[in-house]
Amino acid sequence: GGAYWVDSQQKRYVPVKGDHVIGIVTAKAGDVFRLDVGGSEPASLSYLAFEGATKRNRPNVQVGDLIYGQFVVANKDMEPEMVCIDSSGKSSGMGIIGQDGFLFKVSLGLIRKLLAPKCEIIQELSQLYPFELVIGMNGRIWVKAKTVQQTLIIVNILEACEYMTAEQRKQALAKLSGN
Amino acid sequence: SLSPGDTSVLAGLYGPAEAKISKELPDRAALEVLLRPKVGLPGVLERSREQLLRQTCEAVVLGVLHPRTTISLVLQVLSDAGSLLSCCLNAACMALLDTGLPLATLFCGVTCALQPDGTILLDPTARQEQEARAILTFAIASSERKVLMATTKGSCSVEEMQQCLAAAQRAANTIFQFYRDSVRRRYSK
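Residue numbers (full-length UniProt numbering), protein chains in the order written: chain A, 1 to 179; chain B, 1 to 189.
No lab work stands behind these hints: they were computed from the structure.
It should be emphasised that the depicted structure is a prediction, and the values quoted were computed from it without experimental measurement.
It cannot be assumed that every hint is accurate.
From chain A, some residues computed to sit far from chain B (all C-beta separations above 12 Å) [stated by the list, open to error]:
no., residue
1, Y4
2, V61
3, V63
4, D65
5, L66
6, I121
7, L152
8, E159
9, A174
Below, computed lysine to aspartate or glutamate pairings styled on DMTMM-like, alpha-carbon distance capped at 20 Å [as the list claims (entries may be wrong)]:
no., chain 1, residue 1, chain 2, residue 2
10, A, K105, B, E18
11, B, K23, A, D100
12, B, K23, A, D77
13, A, K144, A, D100
14, B, K23, A, E41
15, A, K76, A, D7
16, A, K76, B, E24
17, B, K20, A, D36
We put the beta carbon where it would ideally sit given N, CA and C, even for glycine.
The task is simple: from the sequences and hints, build the whole structure.
Below is the structure:
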């Protein structure tokens with residue numbers, strides 16, 4: 001028993017049902033937001049798909065905001081649809097991502113490495129500075145640390161992790177925490 | 001970018017991306033190829049080469065997995081010292097490999113020049129191309145070395161074409177080994 005699948009290194013994201021991604025709001029069309037998720041077409045997100053949202057109590061979403069959500073509909077024939085609540089109606093970490101912070105793009109292979117159960121990269125980084133991290137399966141990562149400089153250092157290390165071996169990474173982090 | 005000898009082509013592949021309504025196909029991806037020459041504007045020769053490349057790529061890319069999208073391949077000729085079309089074919093295949101698009105098979109391009117005395121030259125230089133009686137370019141698939149595309153400039157007999165095809169299929173092995181080595185080098189970190 002068991003399922004096998006082959007993952008290959010890509011930079012272009014293709015929406016898959018159940019994936020958690022970071023989307024950028026590009027338009028508000030009536031009751032639905034259009035989000036850019038890096039795929040071949042924009043995804044749609046209904047304003048009712050947030051925790052505690054009703055017709056009277058609309059979420060405060062503006063064009064240009066970042067949203068962390070998951071796909072409920074994502075196949076090759078239809079426009080992808082996202083929601084920010086899970087099956088029980090709770091938000092469980094999804095929704096509008098707060099102010100400040102920095103959004104950048106990496107390859108899908110690195111995302112899968114970071115989301116693997118025992119990822120040393122994130123543990124080592126958290127010993128360096130405290131920071132908030134949101135990882136989207138579409139190749140986008142959002143980071144926020146206390147100062148702009150710390151944020152940028154974390155961004156550079158994550159981007160470089162693509163090509164660094166474990167020893168090189170430990171050396172780089174040791175040099176930084178020595179400063 | 002790919003260069004056998006001094007011919008060099010830079011390939012960029014974008015997709016699957018949002019397609020213009022006029023270009024989108026309801027059941028498969030629309031593939032477009034743009035070939036830019038080193039100097040001057042693209043002319044009729046570039047257009048015919050673009051169509052050959054497009055048809056070869058369409059036979060190989062599994063477009064049904066990405067309907068209503070566009071896959072754009074842009075090729076820029078950096079230098080031309082002969083065998084340009086097969087260089088473009090190889091660059092296109094490596095770009096498809098690098099992007100990670102789903103493919104049915106890999107392909108490579110091989111050019112044969114048939115000289116006036118009947119000898120076959122593989123990957124001719126520009127000088128050899130001019131002196132040749134006929135120039136044949138084949139796109140060979142990696143599964144069972146089948147022929148995806150064949151184009152001829154000049155005249156040759158059917159037996160000569162078969163001989164050129166056999167030589168091209170043998171040469172294809174070297175090119176596929178090169179693909180494997182490049183990919184291995186790229187991802188072995």
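Against the structure, the hints come out as follows:
1. Y4: Y4 of chain A is indeed farther than 12 Å from all Cβ atoms of chain B, at 17 Å.
2. V61: holds (22 Å)
3. V63: With a cut-off of 12 Å, V63 of chain A remains clear of chain B, as the shortest Cβ separation is near 18 Å.
4. D65: Per Cβ check, D65 of chain A is outside 12 Å of chain B; nearest 21 Å; holds.
5. L66: holds (20 Å)
6. I121: holds (15 Å)
7. L152: holds (24 Å)
8. E159: holds (15 Å)
9. A174: With a cut-off of 12 Å, A174 of chain A remains clear of chain B, as the shortest Cβ separation is near 21 Å.
10. A:K105 <-> B:E18: holds (19 Å)
11. B:K23 <-> A:D100: violated (39 Å)
12. B:K23 <-> A:D77: Cα-Cα ~16 Å, so holds.
13. A:K144 <-> A:D100: With a Cα-Cα distance of about 7 Å, the restraint between K144 of chain A and D100 of chain A holds, given a limit of 20 Å.
14. B:K23 <-> A:E41: Between K23 of chain B and E41 of chain A the Cα gap is close to 15 Å, so the pair holds against 20 Å.
15. A:K76 <-> A:D7: holds (18 Å)
16. A:K76 <-> B:E24: holds (14 Å)
17. B:K20 <-> A:D36: holds (17 Å)
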